[in-house]
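Number of protein chains: 2
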Amino acid sequence: MKHFLLTLCALCATLSLAAQEALQPNSLPTSPEQHADRSVTFRYTAPEAKSVAVVGDFATEKLSMTRNAEGIWEATTQPLDSELYSYSFEVDGVRVIDPSNVHTVRDIATVSNLFIVSGERGDLYSVQDVPHGTLSKVWYPSPTLGVERRMTIYTPPGYEEGKGRYPVLYLLHGMGGDEEAWPALGRTAQILDNLIAAGKAEKMIVVMTNGNAIQQAAPGHSAEGLYKPQFQIPKTMESSFEKSFADVVKFVDKHYRTIAKREKRAIAGLSMGGFHALHISRTMPKTFDYVGLFSAATMKGKDESFYGDMAETLQAQRDNGFELYWIGIGKEDFLWKMNVEFRKQLDAMEFPYTLRISEGGHTWRNWRIYLSEFAPMLFK
Amino acid sequence: MKHFLLTLCALCATLSLAAQEALQPNSLPTSPEQHADRSVTFRYTAPEAKSVAVVGDFATEKLSMTRNAEGIWEATTQPLDSELYSYSFEVDGVRVIDPSNVHTVRDIATVSNLFIVSGERGDLYSVQDVPHGTLSKVWYPSPTLGVERRMTIYTPPGYEEGKGRYPVLYLLHGMGGDEEAWPALGRTAQILDNLIAAGKAEKMIVVMTNGNAIQQAAPGHSAEGLYKPQFQIPKTMESSFEKSFADVVKFVDKHYRTIAKREKRAIAGLSMGGFHALHISRTMPKTFDYVGLFSAATMKGKDESFYGDMAETLQAQRDNGFELYWIGIGKEDFLWKMNVEFRKQLDAMEFPYTLRISEGGHTWRNWRIYLSEFAPMLFK
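Residue numbers (our numbering), protein chains in the order written: chain H, 10 to 389; chain A, 10 to 389.
Be a bit skeptical, because a hint or two may be false.
Ranges between beta-carbon positions, derived for each pair [claimed, not checked]:
1) P294(A) with A232(H): 42 to 50 angstroms
2) S36(A) with D262(H): 40 to 48 angstroms
3) E233(A) with K71(H): 25 to 33 angstroms
4) G317(H) with E57(A): 50 to 58 angstroms
5) D90(A) with P152(H): 34 to 42 angstroms
6) K209(A) with P140(H): 36 to 44 angstroms
7) A232(A) with K59(H): 36 to 44 angstroms
8) I223(A) with I223(H): 41 to 49 angstroms
9) P294(A) with D90(H): 52 to 60 angstroms
10) E57(A) with P152(H): 50 to 58 angstroms
11) P140(A) with K340(H): 46 to 54 angstroms
12) D138(H) with K172(A): 31 to 39 angstroms
13) K244(H) with N77(A): 33 to 41 angstroms
Derived pair list, reagent style DSSO-like, types lysine-lysine, alpha-carbon separation capped at 30 angstroms [what the hints assert, rightly or not]:
14) K212(A) with K259(A)
15) K263(H) with K212(H)
16) K172(H) with K270(A)
17) K311(A) with K340(A)
18) K172(A) with K212(H)
19) K172(H) with K263(A)
20) K259(A) with K172(H)
21) K212(H) with K259(A)
22) K59(A) with K59(H)
23) K263(A) with K212(H)
24) K59(A) with K71(H)
25) K263(A) with K259(H)
26) K270(H) with K172(A)
27) K237(A) with K71(H)
28) K172(A) with K172(H)
29) K263(A) with K263(H)
30) K59(H) with K71(A)
31) K263(H) with K172(A)
32) K237(H) with K71(A)
33) K172(A) with K259(H)
34) K259(H) with K212(A)
35) K263(H) with K212(A)
36) K263(H) with K259(A)
37) K237(H) with K237(A)
38) K172(H) with K212(A)
39) K59(A) with K237(H)
40) K59(H) with K237(A)
Don't read these hints as lab results, they were simulated from the structure. Cβ atoms here follow ideal geometry from the backbone N, Cα and C, with glycine treated the same way.
Can you build the whole structure from these sequences, using the hints too?
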């Protein structure tokens, strides 16, 4: 046994370069490191660099790092709010990720590192010692779009054990996103596991679709290969995805133990996904009793035959009744004005909704907060 | 609609730095780029750097890059075999990943970029236009270890549609790995989807466990938080995991539509996982009719009460009979000698096995090949 480990260590010297790297991660400095006061220290080894800074969503300014005698750059933040943050380094003007931190996440075409500052909100976004749901990547047929498509499905703790039936939240991503966005950046499984364990949310299935009608799956997960994602994708807000949504609901109701009734269905989305939630919920009448618009784009899309009757269908949605129409928007969101106009339209037709105005803007930080507040209101 | 997109673009100038980066990925050069002759060009922007090289498993030497007038470094490989490769850049001696390529994979504590050179083998490892199975992250109870644990489960195309029952392949990772290793580095879902679609493998469930008894889940997926993975983990080859394996089989047979018979169960693993497969299959008699040892560590572990009767239990395994005992090893593998000794032991007791000697050594390249050859031999 000892011999095996010794042989394995000797191997480090002879393996291919790439594998050798993988076996010697301990030469890297510790980064990031959270301190008791919730400040965080970053470190990066770059003896030849002239300037290194941390760029992250914990601050609006870059944080300059200082070089020590060994060529390790270091910087420490102010005490931070408990949150999930992403960051990268800027080395002589070039963006790189932190090699000491394997926890990364892709936001559209950019890979960043993650860290969580513990405390109330950070803990809600972390894996805790509670029962865990199952997260699955599932392919479903969309006869409307004529292709197989991929989605992420969360089933709650105990789903596999029993025979019970569950309500469903359909949760939609924004422009440039895909079926990986909510589980990765939105921490859906962690938030639901923790809310359910705390008795704050009902056990529910969460279905996270791909809202880009021309994509079968997220970049790297379709036959398109390992291509570079784009922020602007054709055919995203012109009714194709909305019209295909009945395929999703049909598949989920057929293959999962759902309660296939309007009072046990919710739909919510962020930005473009809020746009989709708005237009899907008004055009699939009596299907969703809960609607959530998170920083939503609230205008009409390009297809007059689909978006032209927005006013009439919203009135019909009002008349059909529902449990909750929830609108969350940040004070600094670039869609603030558009949301004001939309609410005027709703007010004029006495369409009831719940308004949540938050700090900040068009960010995952807000969308995680909105999900954390929206999920507990569902299916009570 | 047009107004919305214009507003969104204007937003790029005012968003937080991190988000801004995410919206402007198009300023990066194209990298990697595959040419018709299967050579590949890499590019990296670093005007201030003194030297940049590509380090990847497509070559044993670093590939030096050349700087152009705009500060973009570039290098082109020789024509490459069709394969899945990983790489990173070395910038003035510091390892960084390619910001132009969002397709990354973690090998223990190192994140690298991926690319696939198309052709026979690369195509087998790629997502193709074929029916796809479902890949799930599932938590199961291990009464033996006293904790809930996480695993990855592949169910084949059509599993959700029907009521059929399926055979099961248990597929185990190596030292420093976890339940993310086979699906990410081993391309299990792609290989199975493609082999099944080609009629080369039976439809089967593949269960990819976490073989580190002290871990509940891969780094970042347990309550331990976003910590740095280690190559050497305590309590990995001293019987704890092997003794808990009956918990896995019990859970899978209870919660999935399996054919719970020895002739429809296989177990295989790489390196430490081959060690686990060896010792689990001999100590759970009449449970697995197919065993695969991929670059396996074939010695006894630390617990004499568990490993002491290795010879006797192997003889009993031989007497009980089985369909296949498959041993794959590369000519340059550092475990070659240990495998020779193990085969002598098997030969001496007239224990039948199938030997596959490949080129190369202790690499994921070989383990993907072994899975691609082993899976078609199962459950016929």
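- Message: Check the hint pairing K59(H) with K237(A) against an upper bound of 30 angstroms on the C-alpha distance.
- Response: Distance ~28 angstroms between K59(H) and K237(A) Cα, so the pair holds.
- Query: For the pair supplied as a hint, K172(H) and K270(A), is the alpha-carbon distance within the 30 angstroms limit?
  - Reply: 25 angstroms, holds
- Query: Given the hinted pair K263(H) and K212(A), is their alpha-carbon gap at most 30 angstroms?
  - Reply: Cα-Cα ~22 angstroms, so holds.
- Would you check the hint for K237(A) and K71(H), treating anything up to 30 angstroms between C-alpha atoms as holding? The hint holds at about 25 angstroms.
- Sort out whether K59(H) lies within 30 angstroms of K59(A), counting only the CA atoms. 12 angstroms, holds
- Given a hinted range of 33 to 41 angstroms, is it respected by the beta-carbon distance of K244(H) and N77(A)? 37 angstroms, holds
- Message: Please check whether K209(A) and P140(H) have a Cβ separation lying inside 36 to 44 angstroms.
- Response: Since K209(A) and P140(H) have Cβ atoms about 39 angstroms apart, the given range 36 to 44 angstroms holds.
- Does the alpha-carbon distance linking K172(H) and K263(A) stay inside the 30 angstroms limit? This hinted pair holds, its Cα atoms lying about 13 angstroms apart.
- Message: Against the range 40 to 48 angstroms, how does the distance between the Cβ atoms of S36(A) and D262(H) compare: consistent or not?
- Response: 45 angstroms, holds
- Proposed proximity, K71(A) with K237(H) (alpha carbon, max 30 angstroms): 25 angstroms, holds
- Query: Is the hinted pair K263(H) and K259(A) satisfied, with a Cα-Cα distance of at most 30 angstroms?
  - Reply: 27 angstroms, holds
- Query: Within a Cα-Cα threshold of 30 angstroms, do K212(H) and K259(A) meet the stated pairing?
  - Reply: Holds. K212(H) to K259(A) sits at ~25 angstroms (cutoff 30 angstroms).
Going down the numbered hints, you'll see the structure goes against none, and every one checks out.
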